[in-house]
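> As a plain string of letters, each chain reads:
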Amino acid sequence: MAHDNKMHFELPSKVKTTAYVLMVIGLVAAALGWFADKTDHHQYWWANLLINGFFFFAVALGALFFYALQYAAEVAWSAQLKRIFEAMYSYIPIGLGVIVVVLLMGQFHVHHLYHWMDSEVYNPESPAYDEIIAGKRPYLSAWFFWLRVAVYGAVFIYFARLFRKWSLQEDEVGGTEIHYRFYKKSAVFLVFFAVFSSTLAWDWLMSIDVHWFSTMYGWYVFSGMWVSTMIFATLLVIWLKGRGYLSTVNDSHIHDLGKWMFAVSMLWSYLWFCQYMLIWYSDIPEEVTYFKERYDHYMGGMWAVFFVNFAVPFYALMARDAKRNFKYLTRVGVIIFIGHFADLYMAVVPGTIHGHLEWGFGEGHHTTFVGWFEAGMFVGFLGLFILTVLGTLSKARLVPAKHPFLDESEHHSI
Amino acid sequence: MANKVFHVMYDDDQKLLDAAKALVAQGIRVKDVFSPFPVHGLDPVIGVKRTRLAIASFMYATTGTLLATLGTWYFMVSDWDWNIGGKPNFTWIENAPAFVPVMFEFSVFCGAHGMAITYLLRNGTLPGMPASNPDPRTTDDKFVMEIVTEQNESMSASDIEAKIRATDVYELSIKDY
Chain H
58 MAHDNKMHFE
68 LPSKVKTTAY
78 VLMVIGLVAA
88 ALGWFADKTD
98 HHQYWWANLL
108 INGFFFFAVA
118 LGALFFYALQ
128 YAAEVAWSAQ
138 LKRIFEAMYS
148 YIPIGLGVIV
158 VVLLMGQFHV
168 HHLYHWMDSE
178 VYNPESPAYD
188 EIIAGKRPYL
198 SAWFFWLRVA
208 VYGAVFIYFA
218 RLFRKWSLQE
228 DEVGGTEIHY
238 RFYKKSAVFL
248 VFFAVFSSTL
258 AWDWLMSIDV
268 HWFSTMYGWY
278 VFSGMWVSTM
288 IFATLLVIWL
298 KGRGYLSTVN
308 DSHIHDLGKW
318 MFAVSMLWSY
328 LWFCQYMLIW
338 YSDIPEEVTY
348 FKERYDHYMG
358 GMWAVFFVNF
368 AVPFYALMAR
378 DAKRNFKYLT
388 RVGVIIFIGH
398 FADLYMAVVP
408 GTIHGHLEWG
418 FGEGHHTTFV
428 GWFEAGMFVG
438 FLGLFILTVL
448 GTLSKARLVP
458 AKHPFLDESE
468 HHSI
Chain B
172 MANKVFHVMY
182 DDDQKLLDAA
192 KALVAQGIRV
202 KDVFSPFPVH
212 GLDPVIGVKR
222 TRLAIASFMY
232 ATTGTLLATL
242 GTWYFMVSDW
252 DWNIGGKPNF
262 TWIENAPAFV
272 PVMFEFSVFC
282 GAHGMAITYL
292 LRNGTLPGMP
302 ASNPDPRTTD
312 DKFVMEIVTE
322 QNESMSASDI
332 EAKIRATDVY
342 ELSIKDY
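Residue numbers (the working numbering), protein chains in the order written: chain H, 58 to 471; chain B, 172 to 348.
Just so you know, the hints here were simulated from the structure itself, not pulled from any lab data. Misleading hints may appear alongside valid ones.
One-sided excerpt, in silico: chain B residues whose CB lies under 8 Å from chain H [stated by the list, open to error]: (1) H211; (2) G212; (3) P268; (4) A269; (5) V271.
Derived lysine to aspartate or glutamate pairs resembling EDC-like cross-links, with alpha carbons at most 16 Å apart [to be verified]: (6) B/K175 - B/D339; (7) B/K220 - H/D340; (8) H/K222 - H/E234; (9) B/K175 - B/E324; (10) B/K258 - H/D340; (11) B/K313 - B/D339.
Given the structure is predicted, the values throughout are model-derived calculations rather than measurements. Note that CB positions come from ideal geometry on N, CA and C, so glycine has one too.
Build the full structure now, drawing on both the sequences and the hints.
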């Protein structure tokens with residue numbers, strides 16, 4: 058091979074330093090934010106930790122899903138890119154760790170993001186008794202909740218490690234035997250994922266607005282996760298190409314990744330709007346609470362997020378040339394990536410603080426928006442995510458050596 | 172000298188693609204290709220311009236969106252303000268979410284139908300139109316490349332024929348016209 062020297066990705070020290078700087082910025086923002094945050098139980102601080110923990114976990118989990126999807130659907134064009142997704146899903150344990158910390162602190166009443174974790178709401182004698190939450194007790198009881206957390210973690214980490222192990226094995230032995238094993242196991246994983254992607258969204262996000270439920274919520278969270286994954290993967294591939302790696306990845310591959318960004322953005326818009334419209338139309342008190350909260354205090358933010366995440370990809374990525382222009386694709390990708398982070402913010406914050414959107418740190422039960430704090434936390438986790446992903450990427454060949462579809466992938470042309 | 176038309180038939184799309192590349196490299200202009208399915212990578216070789224069908228489709232779809240907006244406003248608000256499920260349609264904007272599905276569907280309807288009809292018109296393949304392919308087998312499993320001397324005046328007909336015969340030809344027919 059002519060490009061053998063570029064088959065192994067080496068993490069440039071400059072990038073490493075940048076990632077560490079980002080993480081330090083994140084730590085400083087988190088530390089300053091902790092002291093500046095005057096909400097009850099540092100609620101706003103914890104909400105931001107949950108948002109960042111979940112967002113980057115979701116990007117990693119989406120990568121595992123997309124990876125399995127490629128095998129289950131016997132996709133050839135993406136064969137060269139499988140290491141990109143492997144690197145991304147290597148973050149799953151870390152992301153899960155952050156979420157578990159937030160959940161544990163909730164369980165021990167350090168914060169109050171999850172109202173239903175308070176045992177008083179189930180006690181009919183208590184003034185805090187809440188009939189609606191008590192009705193959901195079988196699902197929300199601590200043992201069942203933590204059992205689910207454990208099962209999600211075990212299943213995701215098991216499959217992530219197994220797929221990575223097989224993938225590296227295939228580099229050595231070749232043949233099609235491992236490929237068929239992948240095919241079967243991927244299908245099994247997708248069955249688990251189909252259920253867990255919904256239930257984990259209920260458990261960790263929807264249960265914040267515990268009086269409310271929506272059957273579309275799981276898919277809405279899943280589609281947001283998937284589109285963030287596709288954006289990050291596209292940006293990473295473009296970045297690697299710019300550094301002279303992945304020389305056999307051509308315009309058509311980038312075009313296809315761009316199509317995924319476009320298509321999944323539309324899936325997200327569709328699900329967001331369906332959830333909204335059905336609730337708006339039927340106008341039943343138990344259903345409208347979620348949007349009432351956002352209408353009263355976050356009207357501008359909610360609609361801004363929807364229009365950015367729908368209209369920007371729709372108009373900016375529709376044309377063929379747009380998806381083949383690397384710089385343009387990068388810019389649009391960055392906008393929607395941040396857009397989906399803001400979407401998660403809109404899903405978490407209104408239900409945890411129940412206040413008005415005001416500038417600066419608020420007190421007691423007042424929602425705040427500071428700017429530097431949220432951005433700092435995001436940037437810190439971004440640094441951690443980048444460092445993990447690029448670290449894994451440098452540990453194996455950048456393009457698999459003996460994937461059966463490799464030749465077809467190299468001749469991908471659309 | 173009469174103009175001649177060469178109909179070069181191939182029995183495989185890869186053979187056709189290789190032949191097209193070889194002939195174009197020797198300075199021959201290919202007028203057209205008749206194929207039962209789109210051959211990937213052929214268009215840039217024989218110099219077919221990028222289709223503007225997508226732009227046309229976008230315009231049809233936008234027309235659909237506008238018509239549906241106008242329609243929902245006229246039928247549901249202006250002509251007679253309907254009250255459905257306790258939601259009186261006094262203004263269009265207050266009920267916009269309810270109109271989005273029909274706007275979406277009508278955009279897809281207009282975009283898809285407009286695109287299909289434009290495609291068939293442009294190709295001359297609307298039902299009942301006379302067939303313009305030189306050989307009926309190009310709708311089955313054969314591929315025909317059309318080369319005319321008119322577009323290749325720098326070469327003699329026998330010269331072109333020799334170059335064509337050097338490719339993996341299945342059948343060749345030469346006609347005056």
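> Which of the numbered hints are not met once you compare them with the structure shown?
When the structure is compared with the hints, numbers 6 and 7 turn out to be violated.
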